[in-house]
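Number of protein chains: 2
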Amino acid sequence: MHTLTEENYLKAIFRISQNADVKITPTAIAEALGNNPASVIDMIKKLMEKKLIDYDKREGVKLTDTGLNHAIQIVRKHRLWEVFLLEKLGYNWDEIHAIAEELEHIQDNTLADRLDKFLGFPEYDPHGDPIPKANGKVPKSYSVTLANVKEGQSYRVAAVKDTSSAFLQYLLKLNIGIDTDIKLVEKISFDNSLVISIAGKENTTVSQKFGENILVD
Amino acid sequence: MHTLTEENYLKAIFRISQNADVKITPTAIAEALGNNPASVIDMIKKLMEKKLIDYDKREGVKLTDTGLNHAIQIVRKHRLWEVFLLEKLGYNWDEIHAIAEELEHIQDNTLADRLDKFLGFPEYDPHGDPIPKANGKVPKSYSVTLANVKEGQSYRVAAVKDTSSAFLQYLLKLNIGIDTDIKLVEKISFDNSLVISIAGKENTTVSQKFGENILVD
DNA sequence: ATTAAAAATTAGGTTAACCTAATTTTATAA
DNA sequence: TTATAAAATTAGGTTAACCTAATTTTTAAT
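For the protein sequence lines, the chains are A and B, in the order given. Residues 22 to 238 (my numbering) are what the first sequence spells out, left to right. Residues 22 to 238 (my numbering) are what the second sequence spells out, left to right.
Source of the hints: derived by calculation from the structure; they are not laboratory data. Remember, it's a predicted structure, so these values are computed and weren't measured experimentally. Be careful, since some hints might not be right.
Put simply, identical chains are the same to the list, so a pair is met inside one copy or across any two.
Below, in silico cross-link-like pairs of lysine to any residue (SDA-like), each with a Cα-Cα straight-line distance of 20 Å or less [said to hold, decoys possible]:
(1) K78 with F142
(2) K71 with T201
(3) K72 with D200
(4) K66 with D183
(5) K222 with H126
(6) K138 with L110
(7) K138 with E223
(8) K109 with G81
(9) K138 with E116
(10) K138 with N113
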């Protein structure tokens, strides 16, 4: 139906719109996709013609209903494939994202539903991101980060924001995964570093950036 | 490593080279891919520069060792994915080829091996085509067609040559699948039609073209 | 051996998706 | 409010992979 490139634009716009309730600018899309704002303008015109997005300078870019549906279906496939790669093929946490980036574009009407059934209708992917249902409904997603949480209390790791290999490998080294318990021992006011205790073990210090990429429950 | 288009050329060249020991011409490749001979010439130049094929007018197109390896790996992935789609996701015989055409291009070094293991190291895909092993070895493939076989004898369907939906749906209607027993009752000399008995049932008549696309054992 | 048909090749053009450089518009801060 | 910076946009160019329409080469048949 749509080209791979168009799908990647829709997905990027969707992702940005999830992050925060800000205006989605051509520049923001360009950054997300790692290409030039001028190219984004070209594609914005094309996607508008196809009625997948609306755009004006005031409002920024917005997905139409059709565009949103497409984006959600792509995200659904991405996250289902991630579950498949981890659970069935035995890949590691940090390897699955890149492969799912390709698999999400496989075109077939019944594929997502079949995969969903085969995997036992999982609600979250291995990074804790909610897997949209067949009807487009998206399970609750987590938004509280370890960096925003009270000192002295324990939390369950519900999801990770950054899915880069670098971050996930670091987590692996620290023995942190989904469902790991983390206690925020202290917040260092100088640079917002976090002193944490992982699964009851001895204290470790991590950066603010680290904390902002861990979503807790 | 290579573009999707390049991979499709390698695969087409490989497929043609399997069929028969004939010279592989630009025209033949163009027909296989459904595009123009002029375009094929462009791509031949490119693939020669990349040392994936050799070409001269006398000899036609030949895959180099590197090119052959690439082609085999693509075919391996295609056929493994077909097994997956049929056995794990419950697709029908006639649906899997088209989806596998996309899946075969997913790039990851360990993917084929993991899939192979997950599926229990199958030797043949659902159309009876041999699945190349990790080391590039290809299990025995079948070459005797129902059209070339003696009257009065029974054979096991080992594979199908044509994997188009149209042909596979016809087979489904006739209740023919891999391992079905077919007896060649009579060959009509007028047009080489074949009178056959499927799994011991009453006689049916099929065309020469039909018979040429059934490989038997 | 000649000629007609088929195949290969060249030349030049198109489209999608990118780019850089220049220009215009909008936002921000003194 | 006016200058400056940032963002958006336009103009024009590139590359991959296709195309059509010549033209040349090869093959096959008389």
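Hint check results:
In this homomeric assembly, K78 and F142 never come within 20 Å of each other (Cα to Cα): the closest approach is 40 Å inside a single copy and 56 Å across copies. In the homo-oligomer, the alpha carbons of K71 and T201 never lie at most 20 Å apart, since the shortest distance is 44 Å inside one protomer and 49 Å across protomers. For the homomeric pair K72 and D200, neither the shortest alpha-carbon distance inside one copy (41 Å) nor that between copies (50 Å) is at most 20 Å. When the C-alpha separation of K66 and D183 is checked against a cutoff of 20 Å, the pair qualifies neither within a copy, at 30 Å, nor between copies, at 42 Å.
Proximity of K222 to H126 under the C-alpha cut-off of 20 Å is found in neither arrangement, the shortest distances being 42 Å within a copy and 44 Å between copies. In this homomeric assembly, K138 and L110 come within 20 Å of each other (Cα to Cα) both inside a single copy, at 17 Å, and across copies, at 8 Å. Neither within a single protomer nor between protomers do K138 and E223 lie at most 20 Å apart by alpha-carbon distance, with minima of 41 Å and 40 Å respectively. In this assembly of identical chains, K109 and G81 lie within 20 Å of each other by CA distance neither inside one copy nor across copies; the values are 41 Å within and 43 Å between.
Taking CA atoms no more than 20 Å apart as the test, K138 paired with E116 passes between copies only; the shortest distance there is 18 Å, against 23 Å inside one copy. For the identical chains of this complex, K138 and N113 are inter-copy neighbours only, at 16 Å across copies versus 22 Å inside a copy, given an alpha-carbon limit of 20 Å.
The structure shown violates the earlier hints numbered 1, 2, 3, 4, 5, 7, 8.
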